[in-house]
Amino acid sequence: MKIIKEALAGTLESSDLLVKVTPLPEDRVDVVIQSEVMHQFGEQIRQVVLATLQQLGLISGQVVIEDKGALDCAIRARVQAAILRGAAVDQLDWSKLS
Amino acid sequence: MKLRRSMLFLPGANAAMLSTAFVFKPDSIMFDLEDAVSLREKDAARLLVFHALQNPVYRDIETVVRINPLNTPFGLADLEAVVRAGVDIVRLPKTDSAADVHELEAEVERIEKACGREVGSTKLMAAIESASGVVNALSIATSSQRMIGIALAGFDYVMDMQTERGDGTELFYARCAVLHAARVAGIDAFDVVYSDVNDEEGFLKEVELIKKLGFNGKSLINPRQIELLHNAYAPTEEDVDYAHRVVAAAEKAEREGLGVVALNGKMIDAPIVNHAKRVLQKAQASGVRK
Amino acid sequence: MNDEFVFYTINPHKNWDEGAEIQRLLTLCDLDMDEGIETFVVGRQGRRLVACAGLDGDIVKCVATAPDLRGESLSLKLMGEVINLAVEQGHLHLFLFTHPSNVSFFGGCGFYELAEVPGYVTLMENTPVGIKRYSDQLRKLTQPGDKIGCIVMNANPFTFGHQYLVRLAASQCDWLHVFVVREDVSQFSYRDRYALVSAGVAGVPNLTLHHGSEYMVSRATFPDYFFKEKGMVGECCSAIDLILFRKYIAPALGITHRFVGTEPFCKTTRKYNDDMKQWLQVADSSAPAVTVVEVPRTVSSNIAISASEVRRLLRSGDMAKMPALVPRDTLNFLYSNYAT
Chain P
1 MKIIKEALAG
11 TLESSDLLVK
21 VTPLPEDRVD
31 VVIQSEVMHQ
41 FGEQIRQVVL
51 ATLQQLGLIS
61 GQVVIEDKGA
71 LDCAIRARVQ
81 AAILRGAAVD
91 QLDWSKLS
Chain W
1 MKLRRSMLFL
11 PGANAAMLST
21 AFVFKPDSIM
31 FDLEDAVSLR
41 EKDAARLLVF
51 HALQNPVYRD
61 IETVVRINPL
71 NTPFGLADLE
81 AVVRAGVDIV
91 RLPKTDSAAD
101 VHELEAEVER
111 IEKACGREVG
121 STKLMAAIES
131 ASGVVNALSI
141 ATSSQRMIGI
151 ALAGFDYVMD
161 MQTERGDGTE
171 LFYARCAVLH
181 AARVAGIDAF
191 DVVYSDVNDE
201 EGFLKEVELI
211 KKLGFNGKSL
221 INPRQIELLH
231 NAYAPTEEDV
241 DYAHRVVAAA
251 EKAEREGLGV
261 VALNGKMIDA
271 PIVNHAKRVL
281 QKAQASGVRK
Chain U
1 MNDEFVFYTI
11 NPHKNWDEGA
21 EIQRLLTLCD
31 LDMDEGIETF
41 VVGRQGRRLV
51 ACAGLDGDIV
61 KCVATAPDLR
71 GESLSLKLMG
81 EVINLAVEQG
91 HLHLFLFTHP
101 SNVSFFGGCG
111 FYELAEVPGY
121 VTLMENTPVG
131 IKRYSDQLRK
141 LTQPGDKIGC
151 IVMNANPFTF
161 GHQYLVRLAA
171 SQCDWLHVFV
181 VREDVSQFSY
191 RDRYALVSAG
201 VAGVPNLTLH
211 HGSEYMVSRA
221 TFPDYFFKEK
231 GMVGECCSAI
241 DLILFRKYIA
251 PALGITHRFV
261 GTEPFCKTTR
271 KYNDDMKQWL
281 QVADSSAPAV
291 TVVEVPRTVS
301 SNIAISASEV
311 RRLLRSGDMA
321 KMPALVPRDT
331 LNFLYSNYAT
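Protein chains in written order, with my numbering: chain P, 1 to 98; chain W, 1 to 290; chain U, 1 to 340.
Treat each hint with caution, since some may be false.
Cut-off 30 Å, straight-line C-alpha distance, at most; resulting in silico cross-link-like pairs (DSBU-like, lysine-lysine) [stated by the list, open to error]:
no., chain 1, residue 1, chain 2, residue 2
1, W, K42, P, K5
2, U, K77, W, K42
3, W, K25, U, K77
4, U, K140, P, K5
FYI, nobody ran anything at the bench for these hints, they're computed from the structure.
Isolated chain P, as found in the complex:
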């Protein structure tokens, strides 16, 4: 899956996160995470994000995340929503998203 257009998902509100995706000219995934709880949960957030991207099979795009202390389930949902929007995918295989 490749990001083919700029897209975002989520909000800046507490317990949520904003995910922005941008196409890259080459097959490379650039993940940038900012979080209010970075020093405490930074690694965990990164793990959840990377696992979610891998599950979707993302191979190209920049993913910038602005986390406001969201739960893992919200992180998964927002990352998926942004990627699917940016990759212009609307037929989902739900069994691959859990």
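Model the placement of chains W and U on the given structure of chain P, informed by the hints.
Same frame as chain P, now just chains W and U:
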């Protein structure tokens, strides 16, 4: 016998509420993918609810999802997501007839088979929001083995009836019809939301009315209303005392193999015993009325 | 859990009444209305207008919330709406100017500081890595040498003056980086300007021609440049552009000298050149100074050659003097597009 007094509505697009609502301990939590979600956020809300349903914090609370109607571009995708995510109950909005439920049920069964979920484990409830829905309430209530309840939704209904929300007179027939249908079908009946969250007095007045009519509970839009509702539904101390004695008598009769339950020399029928059990269940859930 | 704030989008020029309400809210918050804004997100609580934010292309402006409602949630919802609106309009990457005292607030909205004129203004962008990734890209184009020059030109259109400046600068440097201003608000389109520069600098061996970016002489870094008809030159705004250049672009490419033509006609450009010495050379900065080299204009038939003179001649339909002012490729372009 599942207690369903409070069904808390949560906008499906709101990550913060989805992450914290379980702390309010309503009897059921209803994630809304329909009216509370803007068109722009339908896809994102579906994913949020999909993941929230799988979050362990919702393992011990009954989950309901109000999907979009199946005749919209969103309804079927909503259903695919929530059945797979393990939702307890799917709430169908704008139900006009039993055919609407049958259509939903067929899709639910297809998805259950596709994802390996036990067929029949996804329960259904129907929201009745139109004159036809009210007139067809009985056939809707009895349309499927999966049905656990029907709910009246006031906003669309009063428009369909060419009236508006007022003191409750406008809902009188609909409430009675929905309630009777539910009782005939042996399922739960839920009343409309009370939207003025600041009017505690008005809320309690409406709760008193629907409790008297016999509704199991109400759809709520603010967590503050949960405790008020539970307290209003809580039995009095005398109710609890009496119920204890009824249940004790029934247990004694069963132990002794007696066909008839008697208390203070009077015969007690099964409906009284069942009522007493419900009283104790409510008392156990939220104490006696304050 | 009623959402008590309702947000929607208006054009203040078409909705006079609401435009006036926005004006009142801005005044209350010590802000001025920017007439250029065609889209405002407004938030209402009941009938009362409690929040507004304007969107001018990729720049967020005129952000205000009612002073009695300054809680996190209203401002964050407002900014969330603006960000979504901008994406619908094709702008994921946004900029905003604010007073340095508001930087931490906008930090909470996902904006990051790019450059600050202390005490006056800060430019922010809504990504933590925008300028960083851009600098990384530039760094790959670094050329060896002790004296690395740079010219940023709008070239609207490319003249003998530009060509003279480029050749002179290239002859004095080990390598020369030329950037063409990317913003498409000039008479000649970016595509045409870039093509004419490209043709005009062909043959200079130690030169890299770069596409401009939003980080140099753009509406974001230097808005006044493109609003010169207002007759005002923003002190701070040219400073922001130059601070960015010194802090990020020059270090990325190892630029030691910036070349610029003297400007006899255009007040804005003249001011920019003066500011350049201040912010690239004189001002305190953690980044190394960049030496500004001002090159006097070449003169043809007793007039200093400039793009504004070319545009003036075009307007008056005077093509006869053109061959003295512009190189062959620009001349051909002007003939095929303007000669009647």
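Indices of hints not satisfied (ascending)
Violated hints: none at all, because every hint is consistent with the structure.
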